[in-house]
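Undergrad: Here the protein sequences come in this chain order: L and F.
Following the working numbering, the numbering of the first sequence begins with 1 at its first residue and continues without gaps.
Following the working numbering, the numbering of the second sequence begins with 329 at its first residue and continues without gaps.
A couple of the hints might just be wrong.
Below, computed lysine-lysine pairings styled on DSS-like, alpha-carbon distance capped at 27 angstroms [said to hold, decoys possible]: (1) Lys591(F) - Lys42(L); (2) Lys42(L) - Lys98(L); (3) Lys426(F) - Lys263(L); (4) Lys426(F) - Lys478(F); (5) Lys426(F) - Lys150(L); (6) Lys258(L) - Lys646(F); (7) Lys143(L) - Lys426(F).
FYI, nobody ran anything at the bench for these hints, they're computed from the structure.
Number of protein chains: 2
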Amino acid sequence: MKTRIGIYGYGNLGRGIESALRQNPDMELAAVFTRRDPASLKINTPDVPVLRAEDAPSCADKIDVMILCGGSATDLPRQTPELARWFHVVDSFDTHAKIPEHFDRVDEAARAAGKVAMISVGWDPGMFSLNRLYAGAILPEGKDYTFWGKGVSQGHSDAIRRIEGVLDAKQYTIPVESALEAARSGENPQLTVRQKHTRECFVVAEPSADLARIEQEIKQMPNYFADYDTTVHFISAEELKRDHSGIPHGGFVIRTGKTGLEKEHNHVIEYRLKLDSNPEFTASVIVAYARAVARMGREGQTGCKTVFDIPPAYLSPKSAQELRAELL
Amino acid sequence: MKTRIGIYGYGNLGRGIESALRQNPDMELAAVFTRRDPASLKINTPDVPVLRAEDAPSCADKIDVMILCGGSATDLPRQTPELARWFHVVDSFDTHAKIPEHFDRVDEAARAAGKVAMISVGWDPGMFSLNRLYAGAILPEGKDYTFWGKGVSQGHSDAIRRIEGVLDAKQYTIPVESALEAARSGENPQLTVRQKHTRECFVVAEPSADLARIEQEIKQMPNYFADYDTTVHFISAEELKRDHSGIPHGGFVIRTGKTGLEKEHNHVIEYRLKLDSNPEFTASVIVAYARAVARMGREGQTGCKTVFDIPPAYLSPKSAQELRAELL
Chain L
1 MKTRIGIYGY
11 GNLGRGIESA
21 LRQNPDMELA
31 AVFTRRDPAS
41 LKINTPDVPV
51 LRAEDAPSCA
61 DKIDVMILCG
71 GSATDLPRQT
81 PELARWFHVV
91 DSFDTHAKIP
101 EHFDRVDEAA
111 RAAGKVAMIS
121 VGWDPGMFSL
131 NRLYAGAILP
141 EGKDYTFWGK
151 GVSQGHSDAI
161 RRIEGVLDAK
171 QYTIPVESAL
181 EAARSGENPQ
191 LTVRQKHTRE
201 CFVVAEPSAD
211 LARIEQEIKQ
221 MPNYFADYDT
231 TVHFISAEEL
241 KRDHSGIPHG
251 GFVIRTGKTG
261 LEKEHNHVIE
271 YRLKLDSNPE
281 FTASVIVAYA
291 RAVARMGREG
301 QTGCKTVFDI
311 PPAYLSPKSA
321 QELRAELL
Chain F
329 MKTRIGIYGY
339 GNLGRGIESA
349 LRQNPDMELA
359 AVFTRRDPAS
369 LKINTPDVPV
379 LRAEDAPSCA
389 DKIDVMILCG
399 GSATDLPRQT
409 PELARWFHVV
419 DSFDTHAKIP
429 EHFDRVDEAA
439 RAAGKVAMIS
449 VGWDPGMFSL
459 NRLYAGAILP
469 EGKDYTFWGK
479 GVSQGHSDAI
489 RRIEGVLDAK
499 QYTIPVESAL
509 EAARSGENPQ
519 LTVRQKHTRE
529 CFVVAEPSAD
539 LARIEQEIKQ
549 MPNYFADYDT
559 TVHFISAEEL
569 KRDHSGIPHG
579 GFVIRTGKTG
589 LEKEHNHVIE
599 YRLKLDSNPE
609 FTASVIVAYA
619 RAVARMGREG
629 QTGCKTVFDI
639 PPAYLSPKSA
649 QELRAELL
């Protein structure tokens, strides 16, 4: 009996879920829900219904876990508690500062409905958070460093696109190699924002635009670029499409810490991701946790969960015996 | 109320536990148990009793978690099930092939006694196993690579010491950089034993020994060295002490996998440890899991557990709220 998955929202992440499900034979796509006109949506899986978002509750008995693929700004704060009334759900809510209040709202809804609701699943928050927790518990006297990239920041790319005279743009966040080395050294350096990452921008400008002004506006943009060493390249629309249409990302979580009676020994724990497709990897993490949510639901657990609460074995299709024999 | 820890066996690992406990204010060392004469044992913590191993059961109400620090060959297969009759226990049983039978024996004893018993805690088995599980669940279509080192292999060092004419020796296992790069490439190379690691030996020989014969005997030793490119250096006892008295270790768990409708995207998940002291790091992992064992014991859980079964939050002294606010 396969775990039946619903996809709620069919953008990059939703398509990533659809494709990840094909790699997990114990799960199947049951339906896709959209706020667009369902007739206008062509999905990649034959014979799976595309339904109107507002009809989701009527499918409560056909779906074991609903995966929410909306955005963290306005979609998920509303959708996750609402859908947890009807389904076990997973979301990828990634506004770190607002996780506690999102948790409380979702927890209340899920408990009232007797459902399991996992929030903030992906790689940051998600796998990076897990590695911060494990490493911090193992090495209590130490220091954490998180680096992002090389990868595309959607928010920074959008900020450039809003500048007058810019037709299109792509921004890469790049960790500084010497800062990575300093973090690994165990000397607990204090690294400034500028020391940790650089930003590289590829910009398509209008033919008549003042390129010097655009470059200045980018480099001086508060919060987004002013605190970083930023490089701006003007390229053609064709070059942007040819060389920069991917959505790569990744990064590093590094913890160094001391042990020994005299704190004489240094240790480095490093977790690294190098991802060709940010949304597809995020989707792959979510699908593994959807398996865990289905199991917790069958066990009768309820309430809001995060990656911190889930026994690792719940993510795998293998039995506990197989895991011990093959992976331990 | 601190969690009271017993140390059963006071070698490198036991001393590592003792020192790790000082870094965890929610735990305290309650007693050390030894098979030696307790009067002959000087420990590093004042006012903590050193007791005879056979007297452990009489301390059942003074210890929340007993940490077993014996060897996997003969100590733990006997001690872990025996002590699980009296205590919640943690061991670092690391004979991978025998984990399933060790699990079954310990599980039976712990269930009968209503105790929690964690086995095979450390970094391999342990953190490396966890990373194999997580990465495999996230990227089902991919390939795992584990590399060890650079680090001291106690077993290989001992094997050299048994050669006639050898006074002392230290052996380092070293991952091959080009093999690491090949593993990360996503091309799923098949790497032979010889391609993945080299072995470097530092040997103190008797003054009259035939060095050429010793070198040959090392390089041709089946299982230990014959399948590897091995380098042998003859050095003085002083040099060995000065330059090679540490017990560093570490390694890499790398998984690459594909996603996308056409498997067009490649991803690399890499976990790396670089450890100045193998036993102290292992001890630090065990102490974090001892916290989890104490919690599970308070909850009334019973039976044998491995790192795969433990929700990550159980390792941390922080509350669930703190973890979500600070680390997620």
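Undergrad: Which hints, by number, does the structure contradict?
TA: 2, 3, 5 and 7
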